[in-house]
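Peer 1: One line per chain: the protein sequences are A and B, in this order.
According to this note's numbering, the first sequence holds residues 0 to 177 in order.
According to this note's numbering, the second sequence holds residues 31 to 165 in order.
The reader is advised that the hints may include incorrect statements.
With the Cβ distance kept under 7 Å, some of the chain A side facing chain B (calculated, not the full set) [to be verified]:
| id | residue |
| --- | --- |
| 1 | S99 |
| 2 | N100 |
| 3 | A102 |
| 4 | T104 |
| 5 | Y117 |
If you are wondering where the hints come from, they were derived from the structure by calculation, not from laboratory data.
We treat Cβ as the ideally placed atom computed from N, Cα and C, and that holds for glycine.
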Amino acid sequence: MAVTDYKFAGTTATVDNGTSVDWSNPDYAKADDTSYASCAVPKNGASDLLTLSNFGFSSSDIPSGSTIDGIEFVMSRYANTDLRTENALYLRKASGRTGSNMASTTIWAMSSPTEKTYGGATEMCGTTLTQSDIVASTFGIELETKSNATFYVDYIKIRVYYTAGGASVKPYYYYLNQ
Amino acid sequence: MLTLESKFSDYVEALRKAGACAEVVAIHDEMLKKNPALTVGDVYKAFSEDPKFEEGWAYWVLELMGKELDVKVREIAIAKIKNEMTAFQLDLKCSNFLTTAEKATVIAKYEGKLPTAEKELRDGIVTRATAEVKP
Chain A
0 MAVTDYKFAG
10 TTATVDNGTS
20 VDWSNPDYAK
30 ADDTSYASCA
40 VPKNGASDLL
50 TLSNFGFSSS
60 DIPSGSTIDG
70 IEFVMSRYAN
80 TDLRTENALY
90 LRKASGRTGS
100 NMASTTIWAM
110 SSPTEKTYGG
120 ATEMCGTTLT
130 QSDIVASTFG
140 IELETKSNAT
150 FYVDYIKIRV
160 YYTAGGASVK
170 PYYYYLNQ
Chain B
31 MLTLESKFSD
41 YVEALRKAGA
51 CAEVVAIHDE
61 MLKKNPALTV
71 GDVYKAFSED
81 PKFEEGWAYW
91 VLELMGKELD
101 VKVREIAIAK
111 IKNEMTAFQL
121 DLKCSNFLTT
131 AEKATVIAKY
141 EGKLPTAEKE
151 LRDGIVTRAT
161 AEVKP
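One chain only, chain A, in its complex shape (with noise of 0.2 Å):
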C-alpha cells in the first residue's frame, strides 16, 4: 500500500444549508497560515456547510487504475467556546456528499488550534471511491457544526492510501517459460 502527500483544498465555498449561517472568508481554509475560515452559530442554530474541494490529486499521485483503500484527513480547528464538536462531516465526490459521517466528538479547543485526524489507512468513511473520483476537481469535504458558538478552522488536508494497480496479467504461456 502507497500513500500520498497531504494536499490542501483548491477550491473552499460557504453553501446554504437551510440554515442562513454563512461561514466567513472559506478560502481561508486553503492552507496552513493561521488564518481561518469561521462561522458565527447562535444558539440552536446550525453552520451552513463549509465545502472544500478541488485537492489536486492527479495521476501522478495516484496511479490510473489503483485500488483506494483508506483516505485521511487533517483538521485545524478550535472555537471560542468550550464543548463545543462538530455535528456533520462528510466526503464529497462527483455526486455530492458521499459515505458516512465522519464527525468527531472530542471537543474544539478554545483559543487556539489543534489537529485532529479522521479516517486511516483503511477507512474508506462509509463510501467507495475510484481514482478517478480522487483526481476529479469535485472530490472534497464538507462540514457543518452547530451550537452557540464561533468556529474558525484553519485548514483541512487529505491524503490518500492506495494500491498501485494496472499490473499487466501476462499470458499463460508466459509462465510456461519461467
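Based on the hints, put chain B in the right spot on chain A.
Peer 2: The following block gives chain B in isolation, referenced to the frame of chain A:
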C-alpha cells in the same frame, strides 16, 4: 416524576427549576396561559406531530431533565430524534438514566453510521455518563 397525565404547569415549573433559560420558559408560560388545563401528554403529542418542531428540542429536554420524565414521556422525545449525531450525543450524556430498552433504541439510531465517533467511544476517548441503568 412527570407523566403524560401530569399537569403542564408542573412540567413548566420543573423546567424552571432545572435551569431552562427565561426565553424558553416564557414560551411554555405562553402556551399555559392559552390553556391552563393542558397536560404533558397534550403538549408532547403536539410536539411529536409537528414536523417543523426540530429534534434539538428533544435532545435539550432529555439532557436538562430527562430523569424527571416518565419513560412514556421520554419515548416521545426519543422518537423525535432522527439525526445520528444527536442520538450519539444523547447516548453519551443520558446513559446514566436511560433504561436498557431506551438505550437500545438510541444506539440503533446511530450504530454503524458514525465511524469516527463510534471508534472514539470504543477507545475510551469519549465516555458515556456514569452508568446507572434502570431495568
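Peer 1: All hints, please: hold or fail.
Peer 2: Hint check:
1. S99: holds, 5 Å
2. N100: holds, 6 Å
3. A102: For A102/A, the interface hint holds, since the closest Cβ of chain B sits about 6 Å away, which is under 7 Å.
4. T104: Where the cut-off is 7 Å and the nearest Cβ of chain B is about 5 Å from T104/A, the hint holds.
5. Y117: This hint holds: Y117/A lies near chain B, its Cβ roughly 5 Å from the closest one there, short of 7 Å.
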